[in-house]
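Colleague: Chain residues, written in single-letter form:
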Amino acid sequence: MSAVFDSLSRFYASSIGKKILVALTGLILFGFVVGHMIGNLLIFVGRDAINEYGHMLQTALHGGGVWIARIGLLVAVVIHIVATISLTRANRAARLTEYGQHKAQVSSTSSRIMIWSGLTILAFIVYHLLHFTVHAGNDYGTYKTTLEGHTVHDVYRMVIAGFSWFPAVLFYIIAMVLLTSHLSHGFSSLFQTLGISTDKSEPLFKKLGYLFAGLILVGNCSIPIAIYFFGYGR
Amino acid sequence: MSQLNLHLKVWRQNGSQPGHFQDIDAPDIPDHASFLEMMDIINERLISKGEDPVAFDHDCREGICGACSMQINGVPHGPAKATTTCQLHMRKFRTGDTIWVEPFRARAFPVLKDLMIDRGAFDRIQQAGGFVTVRTGAPQDANALPIGKEVADAAMDAAECIGCGACVAACKNASAMLFVSAKAGQLNSLPQGQPEKDRRTLGMVRQMDKEGFGNCTNQYECEAACPKEISVRWITKLNRDYAVASLKDALGNSPKEAGGGD
Numbered sequence: 001m002s003a004v005f006d007s008l009s010r011f012y013a014s015s016i017g018k019k020i021l022v023a024l025t026g027l028i029l030f031g032f033v034v035g036h037m038i039g040n041l042l043i044f045v046g047r048d049a050i051n052e053y054g055h056m057l058q059t060a061l062h063g064g065g066v067w068i069a070r071i072g073l074l075v076a077v078v079i080h081i082v083a084t085i086s087l088t089r090a091n092r093a094a095r096l097t098e099y100g101q102h103k104a105q106v107s108s109t110s111s112r113i114m115i116w117s118g119l120t121i122l123a124f125i126v127y128h129l130l131h132f133t134v135h136a137g138n139d140y141g142t143y144k145t146t147l148e149g150h151t152v153h154d155v156y157r158m159v160i161a162g163f164s165w166f167p168a169v170l171f172y173i174i175a176m177v178l179l180t181s182h183l184s185h186g187f188s189s190l191f192q193t194l195g196i197s198t199d200k201s202e203p204l205f206k207k208l209g210y211l212f213a214g215l216i217l218v219g220n221c222s223i224p225i226a227i228y229f230f231g232y233g234r
Numbered sequence: 001m002s003q004l005n006l007h008l009k010v011w012r013q014n015g016s017q018p019g020h021f022q023d024i025d026a027p028d029i030p031d032h033a034s035f036l037e038m039m040d041i042i043n044e045r046l047i048s049k050g051e052d053p054v055a056f057d058h059d060c061r062e063g064i065c066g067a068c069s070m071q072i073n074g075v076p077h078g079p080a081k082a083t084t085t086c087q088l089h090m091r092k093f094r095t096g097d098t099i100w101v102e103p104f105r106a107r108a109f110p111v112l113k114d115l116m117i118d119r120g121a122f123d124r125i126q127q128a129g130g131f132v133t134v135r136t137g138a139p140q141d142a143n144a145l146p147i148g149k150e151v152a153d154a155a156m157d158a159a160e161c162i163g164c165g166a167c168v169a170a171c172k173n174a175s176a177m178l179f180v181s182a183k184a185g186q187l188n189s190l191p192q193g194q195p196e197k198d199r200r201t202l203g204m205v206r207q208m209d210k211e212g213f214g215n216c217t218n219q220y221e222c223e224a225a226c227p228k229e230i231s232v233r234w235i236t237k238l239n240r241d242y243a244v245a246s247l248k249d250a251l252g253n254s255p256k257e258a259g260g261g262d
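These protein sequence lines are chains A and B, in that order.
Counting in this note's numbering, the first sequence runs from 1 upward without gaps.
Counting in this note's numbering, the second sequence runs from 1 upward without gaps.
Simulated from the structure, these hints should not be mistaken for lab results.
These numbers come from a predicted model, not from an experiment.
Honestly, I wouldn't trust all of these hints.
To be verified - Computed footprint of chain B on chain A, listed as stretches where at least three residues anywhere in the stretch have a Cβ under 8 Å from a Cβ of chain B:
(1) 10–20
(2) 78–91
(3) 97–108
(4) 189–199
Virtual Cβ for every residue (Gly too), placed ideally from N, Cα, C.
Let's have the full structure, built from the sequences with the hints guiding it.
Modeller: This is the structure in C-alpha cells:
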C-alpha cells in the first residue's frame with residue numbers, strides 16, 4: 001500500500017505527472033462543459049423541456065446522482081487548479097532574469113494566458129454557483145411550477161430572471177470568451193500531454209479544439225443574448 | 001561585399017553579480033561574416049581599446065557542436081530558421097540595425113560571464129539515463145539486430161540534438177522537455193534501448209525536474225527555435241513513456257536481486 005502511495009506521490013511531484021493529471025481532469029471538465037451546454041439549450045425547446053431536464057438531474061439515482069456528479073466535478077476542478085498553479089509557480093521560478101527582448105514565434109496568445117483565463121473561469125464558476133445553484137441574494141429557489149402533476153423547480157423562470165440583469169449577462173459573456181480561449185489551447189494540448197498526438201492527428205485535434213471552443217461560445221452565449229437583447233421568454 | 005554599420009546591445013555579467021546591457025557600436029562589419037566572426041571583430045576592437053572583451057561560447061563553428069548559445073533579437077540563435085549562431089550570417093541583418101545579444105536565460109543555466117552559460121544541467125540529465133549499458137569488447141555483427149528503416153531514421157532525427165539549449169531559451173517556462181525527450185526518445189525507440197527504457201525515462205525526467213527547469217505548456221516555441229528542427233512529437237513520446245513507466249513503477253513488482261535460475 002505505502003509502496004504504491006510513494007510511487008503515486010512521486011508521480012504527482014513530477015512535472016509530467018502533474019501535467020497528465022491536468023490533462024485528464026481537463027478532459028472531464030471539457031465533457032461536463034459540453035453536456036452542460038447541450039442540457040441548457042433545452043431552454044429554447046420550451047419551459048417544460050428544461051424544467052423536466054432539471055427535475056431529472058435533481059432526482060436521478062434518488063437524488064444521489066447530482067451529488068455524485070458534484071463531488072466528481074469538485075475533485076476534478078480542485079486537482080486541475082492546484083496542479084496548474086503549482087506548475088505555473090515552477091515555470092515562473094525557472095527563469096529569474098527576464099530577457100531584454102523575447103519574441104514568441106509560434107505560440108498563440110490563448111496559450112500564453114491560460115493561467116489568467118483559467119482563474120477568471122474559476123471566479124465565474126463561483127459566481128455561477130452562487131447565482132443559479134445556491135441562489136445567494138435572490139429568490140430563484142422559491143420559483144415553482146407543476147410538471148405532470150408534480151411540483152418542480154421552475155428552472156425556466158429562474159434563467160429568464162437571471163439573465164434580465166445586464167451585469168450578469170456581461171460577466172457570463174466575458175467568462176465564455178475566456179473559456180473559449182482556454183479550450184482553444186487546452187483541447188489539443190491535452191492529447192499532447194497524454195502522449196496521443198501524432199503528426200497526422202495533431203492538426204485534427206487542433207481543429208476540433210477550435211470547433212468545440214466556438215460551439216461552446218455560440219451555444220452558451222446564445223442563452224443570455226437571446227434573453228437580454230432579444231427578449232426571449234421575457 | 002558590403003559593409004554593415006550595426007549597433008549592439010550586449011549583455012555583460014560577471015558570475016552571479018547582476019548584469020546589464022552594454023551599448024556597443026559595430027561599424028564596418030563585412031556582410032559575409034558569421035555572427036561569431038562579427039563578435040570576434042568586436043572583441044578585437046574592445047581589446048585594442050583596453051576594454052574587457054565579450055565572453056561567449058563557441059567551438060566547431062560549423063553548426064554541429066551546440067556550444068554557441070546566444071539569444072539574438074529575442075530568438076535563440078537569431079532570426080534564421082534551423083541555424084546555429086555560428087552559421088548565421090551578417091547578411092541577414094541590415095545596416096543601421098540594433099541587435100540585442102543576450103545569454104540563454106534559465107535558472108538551470110547560470111551565467112558564467114556575459115553570454116557564457118553553464119549547461120552542466122544537460123550533462124547531469126544525460127548521466128541520469130541518457131545511455132545504454134553495454135559490455136565493452138568486440139561489438140556484435142551490425143546486422144544481428146534488425147531495425148526498421150523508419151525506426152532507424154526517426155532515432156537519427158532525435159540524435160541530431162546537439163544539446164545547445166535553444167529549446168530552454170525559447171520556452172517561456174524555460175522547460176527542457178525537447179532536449180530530454182530527444183535524448184530519451186532516441187534510445188527508447190531502438191531495440192538496444194529497451195532493457196533500460198523505464199529506468200531511463202524516470203531517471204531523466206526526475207533529474208530534469210531537480211535541475212529547476214520549467215514545465216512544458218505545449219506551445220512548441222522550442223521546435224521553432226531548434227537549430228536541428230527536433231520535432232515536438234518526441235515530447236509526446238516522452239509523456240507517453242513516462243506515464244507507462246510510472247504506472248509500472250507504482251503497480252509492478254519490486255526489482256529483485258539477481259539470483260540465478262528460478
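Colleague: Next step is simple, just say for each hint if it's right about the structure.
Modeller: Structure-based check of each hint:
1. By the rule of at least three residues with a Cβ nearer than 8 Å to a Cβ of chain B, the coverage given for the segment 10–20 of chain A holds, with 10 such residues.
2. With 3 residues having a beta carbon nearer than 8 Å to a beta carbon of chain B, the segment 78–91 of chain A meets the requirement of three or more and the stated coverage holds.
3. For a cut-off of 8 Å, the count of residues in the segment 97–108 of chain A with a CB near a CB of chain B stands at 12, and the three-residue condition holds.
4. Coverage of a stretch by a chain is defined here by at least three residues with a beta carbon nearer than 8 Å to that chain's beta carbons; for the segment 189–199 of chain A and chain B the count is 9, and the condition holds.
Checked against the numbered hints given earlier, the structure satisfies every one of them.
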